[in-house]
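Student: Heads up: the sequence lines are chains A and B, in that order. In terms of this note's numbering, the first sequence has 104 at position 104, counting the first letter as 1, and numbering is strictly consecutive. In terms of this note's numbering, the second sequence has 219 at position 105, counting the first letter as 1, and numbering is strictly consecutive.
By construction, these hints were calculated from the structure, which means they are not laboratory data. It cannot be assumed that every hint is accurate.
Claimed, not checked - Keeping only pairs whose Cα atoms sit at most 25 Å apart, straight-line, the calculated DMTMM-like set for lysine to aspartate or glutamate is: (1) B:151 / A:59; (2) B:168 / A:102; (3) B:119 / A:53; (4) B:119 / B:156; (5) B:214 / A:30; (6) A:17 / A:59; (7) B:151 / A:53; (8) B:214 / B:138; (9) B:119 / A:70; (10) A:17 / A:38; (11) A:71 / B:156.
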Amino acid sequence: EAQVTQNPRYLITVTGKKLTVTCSQNMNHEYMSWYRQDPGLGLRQIYYSMNVEVTDKGDVPEGYKVSRKEKRNFPLILESPSPNQTSLYFCASSNRGGKNTEAFFGQGTRLTVV
Amino acid sequence: DQQVKQNSPSLSVQEGRISILNCDYTNSMFDYFLWYKKYPAEGPTFLISISSIKDKNEDGRFTVFLNKSAKHLSLHIVPSQPGDSAVYFCAAFRTSGTYKYIFGTGTRLKVLA
Numbered sequence: 001e002a003q004v005t006q007n008p009r010y011l012i013t014v015t016g017k018k019l020t021v022t023c024s025q026n027m028n029h030e031y032m033s034w035y036r037q038d039p040g041l042g043l044r045q046i047y048y049s050m051n052v053e054v055t056d057k058g059d060v061p062e063g064y065k066v067s068r069k070e071k072r073n074f075p076l077i078l079e080s081p082s083p084n085q086t087s088l089y090f091c092a093s094s095n096r097g098g099k100n101t102e103a104f105f106g107q108g109t110r111l112t113v114v
Numbered sequence: 115d116q117q118v119k120q121n122s123p124s125l126s127v128q129e130g131r132i133s134i135l136n137c138d139y140t141n142s143m144f145d146y147f148l149w150y151k152k153y154p155a156e157g158p159t160f161l162i163s164i165s166s167i168k169d170k171n172e173d174g175r176f177t178v179f180l181n182k183s184a185k186h187l188s189l190h191i192v193p194s195q196p197g198d199s200a201v202y203f204c205a206a207f208r209t210s211g212t213y214k215y216i217f218g219t220g221t222r223l224k225v226l227a
């Protein structure tokens, strides 16, 4: 089954404690990205990757890091989380260009930073 | 700078009637536009897309219209069903350059039985 898997689904952490949210896709997609969803602001892109070892900043990259060492995995790293990073996070993957451009999303990670 | 805008945060429609969700964009270089549906506690799921070289695409009860001169697209759902109640996001991207997916802020549709 084609899917994007994020872990964990829920996470409560304290300010400053490093954390990683994992994302894995099984569709051999080149393009992967991370979004955060906040009330009234929709989905805002944090980082994206067009292929292995190729990453770039989205619209709200401050306080986040990513890596793309393998095609299937795209972890999101918060080195020193702060309360303003409390949000709902989604990972997505898609093919680049052409007809098959739809993005597949994970089920989301609800992060609370206290 | 919000390149993709959904100006209506919410919409209520009676079951069986037409739902029309609107989206405006500012960048004329977008190649594809897509609509996603999102239920609570789930990730967004793809609904329908349209290439910038077309003005209409239909899939069952869902039709997307693109007006390039007005930089406007709309999603029509006919007939609306209670199961269509969800948040709808429009999205746009370019296949060249930085290839960024850009989403609107979403419209919450409520279909009343």
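Student: A separate judgement is required for each hint: does it hold in the structure or not?
Tutor: Hint-by-hint comparison with the structure:
no.	hint	in the structure
1	B:151 / A:59	holds, 22 Å
2	B:168 / A:102	holds, 17 Å
3	B:119 / A:53	violated, 32 Å
4	B:119 / B:156	holds, 22 Å
5	B:214 / A:30	holds, 13 Å
6	A:17 / A:59	holds, 24 Å
7	B:151 / A:53	violated, 31 Å
8	B:214 / B:138	holds, 17 Å
9	B:119 / A:70	violated, 34 Å
10	A:17 / A:38	holds, 22 Å
11	A:71 / B:156	holds, 24 Å
The structure fails to meet hints 3, 7, 9 from the earlier list, while all remaining hints are met.
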